[in-house]
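Asks: Here the protein sequences come in this chain order: A and B. Position one of the first sequence corresponds to residue 12 (this note's numbering), numbered consecutively onward. Position one of the second sequence corresponds to residue 270 (this note's numbering), numbered consecutively onward.
It cannot be assumed that every hint is accurate.
Derived SDA-like pairs: lysine to any residue, alpha-carbon spacing no greater than 20 Å straight-line [said to hold, decoys possible]:
#1 K398(B) / L85(A)
#2 K84(A) / S408(B)
#3 K82(A) / Q390(B)
#4 K334(B) / I55(A)
#5 K398(B) / D76(A)
#6 K398(B) / D279(A)
#7 K493(B) / E53(A)
#8 K84(A) / L483(B)
#9 K143(A) / G88(A)
#10 K84(A) / A362(B)
#11 K334(B) / D56(A)
#12 K177(A) / G265(A)
#13 K493(B) / N69(A)
#14 K334(B) / E53(A)
#15 K126(A) / G376(A)
#16 K143(A) / D337(A)
#17 K143(A) / Y508(B)
#18 K82(A) / F389(B)
#19 K84(A) / T395(B)
#20 K398(B) / G88(A)
#21 K143(A) / N509(B)
#22 K398(B) / T79(A)
#23 K143(A) / V505(B)
#24 K84(A) / K398(B)
#25 K334(B) / D279(A)
#26 K84(A) / F389(B)
#27 K82(A) / N509(B)
#28 K82(A) / V520(B)
#29 K82(A) / D490(B)
#30 K84(A) / Q390(B)
#31 K82(A) / K334(B)
#32 K398(B) / K177(A)
#33 K433(B) / N489(B)
Partial selection, computed: residues in chain A whose CB lies under 8 Å from chain B [to be verified]:
#34 A48
#35 N69
#36 Q74
#37 D76
#38 V83
#39 L255
#40 N256
Hints were generated in silico from the structure; no laboratory data involved. Virtual Cβ for every residue (Gly too), placed ideally from N, Cα, C.
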Amino acid sequence: MRKMVVLLVAVMMLVGTFNVLAQTAEIDIFISMPEYADPINELIDTYQEEVNNEVEINYETTQSDYPTLLKVKLNSGDIPDLFASTSGKEIELYKEYSYDLSGEPMMDTMLPSVKKAMADADGNGVYGFAIKGNYFGLIYNKDLFAQAGIEKFPETISEMETAIEKLEAEGIRPFTSGFSEWWVFKHLFQHFLVAAEDDVQALVRDFENGEASFSDYPVLEENFFHFVDLVVEHGDNKILESSLNTEISQFATGQAAMIIGQGPWVEDSLIQIDPELNIGFTGYPVSEDPAESQVISGADQAVRVSSDSEDLEAVLDFVNWWYTSDYGKSWFTDVAGVVPPINAEIPNDYYQIIQEGIKAAEEKGSAPLAIIYSTDSFHSAFGEAMQSYVGGNATKAETIETIETKWQEIDGSN
Amino acid sequence: MKRNSRLKINYFILEVIAIIAAAIFIYPVFLMFINSFKTFREVIIDVIALPQQLNIDNYFYVIDKMNYPRLFVNNILITAVGITGIVAFSSLAAYIIDRSRSRFTSLAFLFIITPMLIPFQTFMITLLKVMNIINLSGSRVGLGIQYWGFGIPMATFIYFNFMKTVPKEIDESAFIDGATTFQTFIYVIFPILKPVTATVIVLDVMWIWNDFLLPLLMVNDSQKTKTLVLAAYNFVGQYNTQWHYAMTAMVLAIVPSLIFFVLLQKYIVKGVVAGSLKG
Numbered sequence: 012m013r014k015m016v017v018l019l020v021a022v023m024m025l026v027g028t029f030n031v032l033a034q035t036a037e038i039d040i041f042i043s044m045p046e047y048a049d050p051i052n053e054l055i056d057t058y059q060e061e062v063n064n065e066v067e068i069n070y071e072t073t074q075s076d077y078p079t080l081l082k083v084k085l086n087s088g089d090i091p092d093l094f095a096s097t098s099g100k101e102i103e104l105y106k107e108y109s110y111d112l113s114g115e116p117m118m119d120t121m122l123p124s125v126k127k128a129m130a131d132a133d134g135n136g137v138y139g140f141a142i143k144g145n146y147f148g149l150i151y152n153k154d155l156f157a158q159a160g161i162e163k164f165p166e167t168i169s170e171m172e173t174a175i176e177k178l179e180a181e182g183i184r185p186f187t188s189g190f191s192e193w194w195v196f197k198h199l200f201q202h203f204l205v206a207a208e209d210d211v212q213a214l215v216r217d218f219e220n221g222e223a224s225f226s227d228y229p230v231l232e233e234n235f236f237h238f239v240d241l242v243v244e245h246g247d248n249k250i251l252e253s254s255l256n257t258e259i260s261q262f263a264t265g266q267a268a269m270i271i272g273q274g275p276w277v278e279d280s281l282i283q284i285d286p287e288l289n290i291g292f293t294g295y296p297v298s299e300d301p302a303e304s305q306v307i308s309g310a311d312q313a314v315r316v317s318s319d320s321e322d323l324e325a326v327l328d329f330v331n332w333w334y335t336s337d338y339g340k341s342w343f344t345d346v347a348g349v350v351p352p353i354n355a356e357i358p359n360d361y362y363q364i365i366q367e368g369i370k371a372a373e374e375k376g377s378a379p380l381a382i383i384y385s386t387d388s389f390h391s392a393f394g395e396a397m398q399s400y401v402g403g404n405a406t407k408a409e410t411i412e413t414i415e416t417k418w419q420e421i422d423g424s425n
Numbered sequence: 270m271k272r273n274s275r276l277k278i279n280y281f282i283l284e285v286i287a288i289i290a291a292a293i294f295i296y297p298v299f300l301m302f303i304n305s306f307k308t309f310r311e312v313i314i315d316v317i318a319l320p321q322q323l324n325i326d327n328y329f330y331v332i333d334k335m336n337y338p339r340l341f342v343n344n345i346l347i348t349a350v351g352i353t354g355i356v357a358f359s360s361l362a363a364y365i366i367d368r369s370r371s372r373f374t375s376l377a378f379l380f381i382i383t384p385m386l387i388p389f390q391t392f393m394i395t396l397l398k399v400m401n402i403i404n405l406s407g408s409r410v411g412l413g414i415q416y417w418g419f420g421i422p423m424a425t426f427i428y429f430n431f432m433k434t435v436p437k438e439i440d441e442s443a444f445i446d447g448a449t450t451f452q453t454f455i456y457v458i459f460p461i462l463k464p465v466t467a468t469v470i471v472l473d474v475m476w477i478w479n480d481f482l483l484p485l486l487m488v489n490d491s492q493k494t495k496t497l498v499l500a501a502y503n504f505v506g507q508y509n510t511q512w513h514y515a516m517t518a519m520v521l522a523i524v525p526s527l528i529f530f531v532l533l534q535k536y537i538v539k540g541v542v543a544g545s546l547k548g
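So that you can see chain A by itself, here it is in the shape it has in the complex (with noise of 0.2 Å):
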């Protein structure tokens, strides 16, 4: 019995000093988003075969529970080296675990709104780096649009609803909303919030701490509110019961001519469905004045660099190689299929979402992302409250009063 207690000590000590031993650097990534695992091991290989087969780096990925787990893993002291978070406000939050990566080569690449949208509270430093760009704003079908003779996507609420009519005429329905998702109110408030501010992190931050409210703002109070309402009448029957899957098979298969809240991610499940149809993407009507009918274009999501990782260098290596080598450049584009979050080419038959979008932002400009700089725990507040006005539970002024209070409480410093 004593001897395999002894012998059971020495092959515990044995693998621990084998542990030891083994000193190669090694790079340790936990980020959310599965649906890029397969590009991403893709350029993890390339990097290991081109240019550095010594390090070793380990890719892990999980969408439910990634915060969660990413929090027990901070709180275990087992920090990934890479690691995410959505960007703006929750840059700060994970502030004192992240490298300040302004001093370093990717940032002759990175695009100025991304760095952006990687800085601390007081806009300092950029303490992340994008895989993705994106764009928000309103997906539509070109084709059922000229059935209707509409020549002219509507950049104006009254445009709107003269083309609601025609739609209707035809026998289209018009939208397909998603409102059982969260998060699609998010994406579509945001066009409205922009519209009301120049500033919109200022604007954000005033009604964190109830110093702004929407009936200072017309286009919030009466243009958003009658936006929701034109898609609840002219949309899908169960309105709570549309999700995001109801909006891809509607669109897709021609029963609805526009989608809500959704963006480039949704072009290849589109395309999976019909090859064939002929995608329009543009800003969201918000006012009478076209001018603020624009795409919203900027990263949502951070890759955040472990200040404490004990292999920083490979760390760095690895990820100004992907933001500046020929390779890494192309990456977004040839093997990703993302918006590139840096300067980079697009190829002319690229997903016509993303070109559309590119298209938008250079005729009329681009609106800033403004979701980033609210939490998720607010936006589900917020979609909660929104989905209780469409579903009637709630009054206009109701809704309006829960939306500024959950701000205060789950937003605000008190």
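With chain A fixed as given, assemble chain B onto it according to the hints.
Replies: Quick look at chain B alone, frame taken from chain A:
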């Protein structure tokens, strides 16, 4: 005669209720199963419709994509290590606790079974921290060993209740024949415990095989250690989910444990009844 027919009607009503309840419970599983044969287009357009044709392309894609054979081996290893430890330690513990009753053993019993009441989330962080220190995180055997801690309370409880019904005379006759305590346990008692062992194995295999949060915490780091359920979740994205692949992966992940359950379920009933009859 009259009474008999009334009884029959009552049974009939109960049977109908049972069938309806069974249908309600099986329906989501059924949906998962039929959707695994559909294309993405079919899933999105009508989730409850039957597949237009029996399309097994999803299975080929998913088996290749999630590296099924390798993950299957991982699952087997984790489950086997977990089950072996749980059965070995709990049956021994229950035996000793029942046979040498003292204040100390009843206290020990209390200590063993109370962890059943502690929610996992409350010590998740500490657990990961400790496992990192003793190198049990990120390893399949390590995860299996952790299941000992989570499985032993319930298993000991079940074994103990059964052990009370095993007459002490059996031990005594073994002692008279010259067996040591350990020999008595191995050759005499453990075979008697077979139905309970089967129950414990079935319950714990279902749980360990399909567990999500603990493996996510411990072995999600690398393809080499991942489990099937974890890999299935990789088809679920931030906005988009590849439903047809996710459903296929889930079917592939849970079917082995379902087969196992069906094969062993007759023992489960035996074990539960055996334990409960004499308290």
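Asks: Holds or violated: K82(A) and Q390(B), Cα atoms, limit 20 Å.
Replies: With Cα atoms ~12 Å apart, K82(A) and Q390(B) stay inside 20 Å; holds.
Asks: Between K84(A) and A362(B), is the straight-line Cα distance small enough, at 20 Å or below?
Replies: Violated - the C-alpha atoms of A362(B) and K84(A) are around 34 Å apart, more than 20 Å.
Asks: Tell me if the straight-line CA distance from K334(B) to E53(A) falls inside 20 Å.
Replies: holds, 14 Å
Asks: Is the hinted pair K143(A) and N509(B) satisfied, with a Cα-Cα distance of at most 20 Å?
Replies: holds, 15 Å
Asks: Take a quick look at whether K398(B) and K177(A) sit within 20 Å of each other, Cα to Cα.
Replies: violated, 63 Å
Asks: Compare the distance between the alpha carbons of K334(B) and D279(A) with 20 Å, and conclude whether the hinted pair is satisfied.
Replies: This hinted pair holds, its Cα atoms lying about 19 Å apart.
Asks: Mind checking the alpha carbons of K433(B) and N489(B) for me, to see if they're no more than 20 Å apart?
Replies: violated, 41 Å
Asks: Go through the hint on D76(A) and say holds or violated, using the shortest Cβ distance to chain B against 8 Å.
Replies: It holds, given that the least Cβ distance between D76(A) and chain B is near 7 Å, below 8 Å.
Asks: Given the hinted pair K143(A) and G88(A), is their alpha-carbon gap at most 20 Å?
Replies: Between K143(A) and G88(A) the Cα gap is close to 28 Å, so the pair fails against 20 Å, i.e. violated.
Asks: Has the given pair, K398(B) with G88(A), been kept, meaning a C-alpha gap of at most 20 Å?
Replies: holds, 7 Å
Asks: With a cut-off of 20 Å on the C-alpha distance, tell me whether K398(B) and D76(A) pass.
Replies: Holds: K398(B) and D76(A) sit about 19 Å apart, inside 20 Å.
Asks: How about Q74(A): closest beta carbon in chain B under 8 Å, or not?
Replies: Given a least distance of 5 Å, the restraint on Q74(A) holds.
When each numbered hint is compared with the structure, violations occur for hints 6, 9, 10, 27, 28, 31, 32 and 33.
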